[in-house]
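S.K.: Given next are the chains, with one letter for each unit.
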Amino acid sequence: MKSESNLEKVLSAGHFAFTGELGPPRGTNAEEVRKKAAFLKGNVDAVNITDNQTAVVRMSSWAASLILIQEGLEPNFQMVCRDRNRLAMQSDILGASAHGIKNMLCLSGDHQSFGDHPMAKSVFDIDSIQLIGMVKQMRDEGTFLSGNKLDEPPKMFIGAAANPFAEPYEWRALRLAKKIAAGADFVQTQCIYNMDRFREFMKRAVDMGLTEKCYILAGVTPLKSVGMAKYMAGSVPGMDVPDELIERVKGAGKGKAAEEGIKIAVEQIQEFKEMEGVAGVHLMAIEWEHRVPEIAKMAGVLPRPVV
Amino acid sequence: MIVAKRKPFDEIKDFLKDYKKVLTAGCGTCVAVCLAGGEKEVSVLNAELDMARRLDNKPIELGAITIERQCDREYLEALDSMVEGYDAVLSLACGAGIQFLAERYPEKPVFPGVDTTFIGVNQDVGWYEERCRSCSSCVLGMTAGICPVTMCAKGLYNGPCGGTNKGSCEISKDQPCAWYMIYERLSKQNRLDNILKITPVQDWQNQKPRTVIQPGYKTSENSAEK
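First to last, the protein sequences are chains A and B.
For what it's worth, the numbering used here labels the leading residue of the first sequence as 66, then goes sequentially.
For what it's worth, the numbering used here labels the leading residue of the second sequence as 29, then goes sequentially.
Isolated chain A (complex conformation) (with noise of 0.2 Å):
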């Protein structure tokens, strides 16, 4: 075992793994952060917790995460290379372990031009690629990224993400490589609304052997509004959503879009069970935490493996 964590544990018992997402809120409101946890309690293997998203100020990830290991969930502790520098994601690494943290999502981290401080300047003195390498040089080989040795490493099972939909595609996989070279050991991938696209993405990785050195977990998020469809293909980039499927919530009619978007999900998540090489997905729900229950019931991840 590399970390130890849950959701690590319940990957290699060869289970289907089944996480969620929970965002920090705009402030010192812990309760909030309570309250959503336990929406997600038990119906989840971890709970990944973002790190400053859509660069929009929010209490930081590893304080969100250390409110979740209060609550007795287990938290996949996200980081950008946006807001830190070498020195500040080492110390984080090490707090963070040291406060039981045992997952880690690394990230590039969206620009700050899309936050709520669009001025501020930018670190990205690392990039994901490198993050995921120096995490990995932290816990295995007990140094600093300088080669300096460390006292007790960090044990982080850990994270990347992927997105098997933006251009060029023949990258997506060649990106993923790159990313499991550098030491991911699971993947959650950016939001699938495109199977046919997601078919294929997965078939390549298969095909080249990625699936046996990392764990994918298929990225969900369930369409609440035609509102939020459209603004899902129109407005955020590297995102696929296929007319169909607008259409398909559309033609839901008034009143029944979230029901249809949670249909959809439920379906997806079914085909992800029996697609090979899918290790889990990864539901995000955003500020939908409270509909997590029923979606787990309803896609039959339920009990969650207690390992």
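Take these hints with a grain of salt, some might be off.
[Claimed, not checked] Listed next, the stretches of chain A that the computed footprint assigns to chain B, with coverage defined by at least 3 CB atoms under 8 Å from CB atoms of chain B:
#	segment
1	174–187
2	194–204
3	220–228
4	238–249
[Claimed, not checked] Mimicking DSS-like on lysine-lysine, the simulated pairs with C-alpha atoms at most 30 Å apart in a straight line are:
#	chain 1	residue 1	chain 2	residue 2
5	A	201	B	225
6	B	201	A	186
7	B	225	A	220
8	B	225	A	243
9	B	201	A	315
10	B	236	A	214
11	B	225	A	186
12	A	243	B	201
13	B	225	A	214
14	B	194	A	243
15	A	268	B	225
16	A	268	B	194
17	A	278	B	225
18	B	33	A	186
19	B	236	A	186
20	A	278	A	243
21	B	216	A	268
22	B	194	A	186
Honestly, the hints are just simulated from the structure, not real lab data.
All C-beta atoms in this analysis are idealised placements derived from N, C-alpha and C, irrespective of residue type, glycine included.
Could you slot chain B onto chain A? The hints should help.
M.R.: Then chain B, alone, in the frame of chain A:
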């Protein structure tokens, strides 16, 4: 070349509000080529300043000179005798030239008339685009002649990231994704293996003031190259 743009007029006017005799110094190299700080721009700016100060009933006496390069001592000499006669100097050179001027005349207030913006190329008359961040460790050999440090909004070394959007950067549809272009060009040149390898963490060379002394010019006095 180094590309600059003139500072907002009100900002320049405010710098000079307490001075009655100011020398406006242009630079005949980069900033002249990019139409921000050459002889013509000096004369236009002086005309504007002159008029504005007259309207304020605070007339100003303005001198004008444009030298070949403000970043070169050889050309600065020509200013020595002139500067003495003015209360302040307004330099339209790049940041390097302005500092060299201020360093040469430490008693004299020296103000910037332009914002130095980037190292770039001339796309058309008056149209310039950034191409280089002078990082001191060029990767263009690996990246098919497209700089990821400058052209990628995140300065990534192992891109493209997941935000690449049909050939555009996530920050704007009008901004091409550098790594998309790198991929396409390398792919056409059958050199994709260049970017299949992991590029390791950078040793940043541009985090402190840099000095270059070319081989053959090192002496015991200057050899402490940073």
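S.K.: Now look at each hint and say whether the structure bears it out.
M.R.: How the hints compare with the structure:
no., hint, verdict
1, 174–187, "holds (count 6)"
2, 194–204, "holds (count 4)"
3, 220–228, "holds (count 3)"
4, 238–249, "holds (count 6)"
5, A:201 with B:225, "holds, 17 Å"
6, B:201 with A:186, "holds, 21 Å"
7, B:225 with A:220, "holds, 26 Å"
8, B:225 with A:243, "holds, 7 Å"
9, B:201 with A:315, "holds, 27 Å"
10, B:236 with A:214, "holds, 27 Å"
11, B:225 with A:186, "holds, 29 Å"
12, A:243 with B:201, "holds, 27 Å"
13, B:225 with A:214, "holds, 26 Å"
14, B:194 with A:243, "holds, 21 Å"
15, A:268 with B:225, "holds, 22 Å"
16, A:268 with B:194, "holds, 22 Å"
17, A:278 with B:225, "holds, 17 Å"
18, B:33 with A:186, "holds, 21 Å"
19, B:236 with A:186, "holds, 17 Å"
20, A:278 with A:243, "holds, 12 Å"
21, B:216 with A:268, "holds, 25 Å"
22, B:194 with A:186, "holds, 26 Å"
In summary, the structure agrees with every hint in the numbered list given earlier.
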